Amino acid sequence: MSNSIPEIEDTDLIFVFGYNAADSHPIVARRIVRAREKGAKMVVVDPRKTESARVSDLWLPIRNGANMALVNAFAHVLIEEGLYNREYVESHTEGFDAYWETVSRYAPEEVEDITGVPADQVRQAMRMYAAAPNAFILYGMGVTQYGQAVDVVKGLSGLALLTGNFGRPNVGIGPVRGQNNVQGTCDVGVLPNVFPGYQPVSDPAVREKFAKAWGVDSLPEKPGYMLTEVPHLVHEGKLKAYYIFGEDPAQTDADLNSVREALKGMELVIVQDIFMNKTAMFADIILPATAWGEHEGVYSTADRGFQRFRKAVEPKGDIKPDWEIFCLMATAMGYPMHYSNTKEIWDEMRALCPLYFGATYERMEELGSIQWPCPDLDHPGTPYLYAGNTFNRPNGKGVLFATDWRPPLERPDEEYPLVLSTVREVGHYSCRTMTGNCTTLQSLADEPGFLQINRADARKYGLKDKALLWISSRRGKVLTRAQINDRTNQGTVYMTYQWWIGACNELTLEHVDPISKTPEFKYCAVKVEAIADQAWAERYLEEEYAKLRRKLAEPVG
Amino acid sequence: MEKKVRTVCPYCGAGCQLDLVTVNGAIVRAEGAPGRTNENELCLKGLYGWEFLNDTKRLSPRLKKPLLRRSRDSQFEEVSWDEAIGFASRRLMDIKRKHGPDSIMLTGSARGPGNEANYVMQKLARAVIGTNNIDHCARI
Chain A
920 MSNSIPEIED TDLIFVFGYN AADSHPIVAR RIVRAREKGA KMVVVDPRKT
970 ESARVSDLWL PIRNGANMAL VNAFAHVLIE EGLYNREYVE SHTEGFDAYW
1020 ETVSRYAPEE VEDITGVPAD QVRQAMRMYA AAPNAFILYG MGVTQYGQAV
1070 DVVKGLSGLA LLTGNFGRPN VGIGPVRGQN NVQGTCDVGV LPNVFPGYQP
1120 VSDPAVREKF AKAWGVDSLP EKPGYMLTEV PHLVHEGKLK AYYIFGEDPA
1170 QTDADLNSVR EALKGMELVI VQDIFMNKTA MFADIILPAT AWGEHEGVYS
1220 TADRGFQRFR KAVEPKGDIK PDWEIFCLMA TAMGYPMHYS NTKEIWDEMR
1270 ALCPLYFGAT YERMEELGSI QWPCPDLDHP GTPYLYAGNT FNRPNGKGVL
1320 FATDWRPPLE RPDEEYPLVL STVREVGHYS CRTMTGNCTT LQSLADEPGF
1370 LQINRADARK YGLKDKALLW ISSRRGKVLT RAQINDRTNQ GTVYMTYQWW
1420 IGACNELTLE HVDPISKTPE FKYCAVKVEA IADQAWAERY LEEEYAKLRR
1470 KLAEPVG
Chain B
5 MEKKVRTVCP YCGAGCQLDL VTVNGAIVRA EGAPGRTNEN ELCLKGLYGW
55 EFLNDTKRLS PRLKKPLLRR SRDSQFEEVS WDEAIGFASR RLMDIKRKHG
105 PDSIMLTGSA RGPGNEANYV MQKLARAVIG TNNIDHCARI
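As they're listed, the protein sequences go chains A and B. Per our numbering, the very first residue in the first sequence carries number 920; after that it's consecutive. Per our numbering, the very first residue in the second sequence carries number 5; after that it's consecutive.
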């Protein structure tokens, strides 16, 4: 995020694009409500009437898969109506002419057929956005989980650049991150192209610095593979071993059948986790680790804040903290590795990362949270980026970026007439091994989850509310339960991804964004079928669920 | 005697701070703490998301010992850490020798383990195995 979560409250306009705060981040949703109470305006772009849409001034019910077309139309209006900040654009950006060349072809009237949003609403949204003294864009997976995703992120940044909404408090753009430490895992170099602190593996000076610190002659310069490429790399015979740490790809990745084939195709699968999960069933070796609450360290918030988390209870069983397991593995592989505690690890990393150098354990203890960049020991941290409107490029200017809209890959047809989009729900989390083992949270929702479907579609396909049904795509078929929901749009159905029986990722497809390689979880073609014998379906559900639970419990004894 | 430990919620990226309250070494409840992002507030997951630590077995059991399967059609068996690490490291080195370091892929964890564990894992990938094949679920 360019700016901080608390700043959401003090902006003048919140512009929400493909982000459902109430279900994904309830605490961020409260900030939005408080901003509204303080008088902030709000515009929401979402195919569903989310809670944010419900309480907004203006809701633009975009058609699924039309993001780039709408963002281009927004830019078109800002320029055509002269709403943009000319002085800011001249001083702090570049690429305006090429930008206009593209977005000039996206008059909102011209793209109504693609976006589904009436042109006057598009114009009204941009008049509001441009008129706000400070405006904050929040976006989520409704942007990033498409085959065209990175382009849209750059397009949204372009709107903030056109209106000068960067470089001060209460503005900017914010992807509110999903997992608690997805920001941190990026921060510490668990990416195929960068070392910790976003230092590129392709830079010889960076490689030399890390090689020296780690006591090795050299480090690999070729960027590694991305996670979503794994299935086809196994198929091509390029990958032979998979060390999976605290993830459950056999539940959470797209097109589970291809994920299972990939796991089976590996010569060696190592799983390091806290629970038995679907992925672990494919492992050759399972290494049991301590969980949150049983160990300590640092997490990064979505707004770049380092915060210490601490141990509250003693672990039970013959289990070890993850970093100790890695040290044992490294040592056994001929590279003696030893740390006494997480602080030693943190200090080693800090010394190698100019962005984080000033964020010591002691200072985190004192300040509670330190937002990077924090380059030295008396630096207070950085609540918002791009102060002075200087951007991370050699000439310091922000790039205005636009490109043409690309439609989603798998469009609905006669055989598979509906679009499936995967979403979140408030009580459960990710692959659900943690929340599903919390009694209170488990009582909120259980297998097989729900299919959110519009009333008209439910009638068309003969589905009753709460009835079990089959849903299938070209890749798979699963059982789920209808939830007739007037907040969803006709022609699209929605499922959450943590269910074992109602596993929507059996249906999703591997089509990925060319840059981020994130799959198009928000769009694939499906069909639904009512089940006449509901008593049989309920029994089948119960038996299958019990069978799966037994299968996973067995190895642990 | 109640004890309180200040920590950070392990669920979403909002990074809410909370206190875990323990009695006789077991957690009894969570309370919102004055963190920068949450200012004493918590959602349902923050308030109740610690219950899995009591190994409720509602869904799946906690792992308690290293488990090894000597062939894909045999059952998992409990083994010692020495045997587990010995097995995994030997197989990794064999594969590295036979197919090169880039035939090995690692994924980090964006969940409970934290920044230090992930730092050590990418060091294992780069300095020990010799590959940049390390990624995580930020991409999905």
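What the hints contain is simulated information worked out from the structure, not anything from laboratory work. It should be emphasised that the depicted structure is a prediction, and the values quoted were computed from it without experimental measurement. Don't be surprised by glycine CBs; every beta carbon is placed ideally from N, CA and C. One should not assume that every hint holds.
Sample of chain A residues at the chain B side, in silico, Cβ under 8 Å [said to hold, decoys possible]:
{"id": "1", "residue": "Val-1069"}
{"id": "2", "residue": "Tyr-1144"}
{"id": "3", "residue": "Leu-1146"}
{"id": "4", "residue": "Tyr-1162"}
{"id": "5", "residue": "Asp-1203"}
{"id": "6", "residue": "Val-1318"}
{"id": "7", "residue": "Cys-1357"}
{"id": "8", "residue": "Ala-1465"}
{"id": "9", "residue": "Arg-1468"}
Calculated lysine to any residue pairs in the SDA-like style (CA-CA distance at most 20 Å, straight line) [claimed, not checked]:
{"id": "10", "chain 1": "A", "residue 1": "Lys-1239", "chain 2": "B", "residue 2": "Pro-38"}
{"id": "11", "chain 1": "A", "residue 1": "Lys-1239", "chain 2": "B", "residue 2": "Lys-68"}
{"id": "12", "chain 1": "A", "residue 1": "Lys-1316", "chain 2": "A", "residue 2": "Glu-1029"}
Original post:
CA of Lys-1239 (chain A) to CA of Pro-38 (chain B), is that 20 Å or under?
Top reply: The given pair, whose Cα atoms are some 31 Å apart, is violated under the 20 Å limit.
Original post:
If you take the shortest Cβ to Cβ gap from Leu-1146 (chain A) to chain B, is it below 8 Å?
Top reply: It holds, given that the least Cβ distance between Leu-1146 (chain A) and chain B is near 4 Å, below 8 Å.
**OP:** Could you check if Asp-1203 (chain A) really has its C-beta closer than 8 Å to a C-beta on chain B?
**Re:** Hint on Asp-1203 (chain A): holds, closest Cβ of chain B at ~6 Å, below 8 Å.
Subject >> Hint check, Val-1318 (chain A) versus chain B [nearest Cβ-Cβ separation less than 8 Å] >> reply: 22 Å, violated
Original post:
Any CB of chain B closer than 8 Å to the CB of Cys-1357 (chain A)?
Top reply: This interface hint holds because 4 Å falls under the 8 Å limit.
**OP:** Assess, step by step, whether the Cα of Lys-1239 (chain A) is no farther than 20 Å from the Cα of Lys-68 (chain B), and give holds or violated.
**Re:** Given that 20 Å is the threshold and the Cα spacing comes to 10 Å, the pair holds.
Original post:
Should the interface hint for Arg-1468 (chain A) be scored as holding, given a Cβ-Cβ cut-off of 8 Å against chain B?
Top reply: 7 Å, holds
**OP:** Could you check if Tyr-1144 (chain A) really has its C-beta closer than 8 Å to a C-beta on chain B?
**Re:** 5 Å, holds
Subject >> Interface hint status, Val-1069 (chain A) versus chain B (Cβ within 8 Å) >> reply: 11 Å, violated
Original post:
Is the Cα-Cα distance between Lys-1316 (chain A) and Glu-1029 (chain A) 20 Å or less?
Top reply: Measuring from Cα to Cα gives roughly 31 Å; hence the hint is violated.
Subject >> Agreement of hint Tyr-1162 (chain A) with chain B interface, Cβ distance less than 8 Å >> reply: 4 Å, holds
**OP:** Classify the hint on Ala-1465 (chain A) as holds or violated, based on whether any CB of chain B lies nearer than 8 Å to its CB.
**Re:** This hint is violated: Ala-1465 (chain A) lies away from chain B, its Cβ roughly 12 Å from the closest one there, beyond 8 Å.
Hints 1, 6, 8, 10 and 12 from the earlier list are contradicted by this structure; the remaining hints agree with it.
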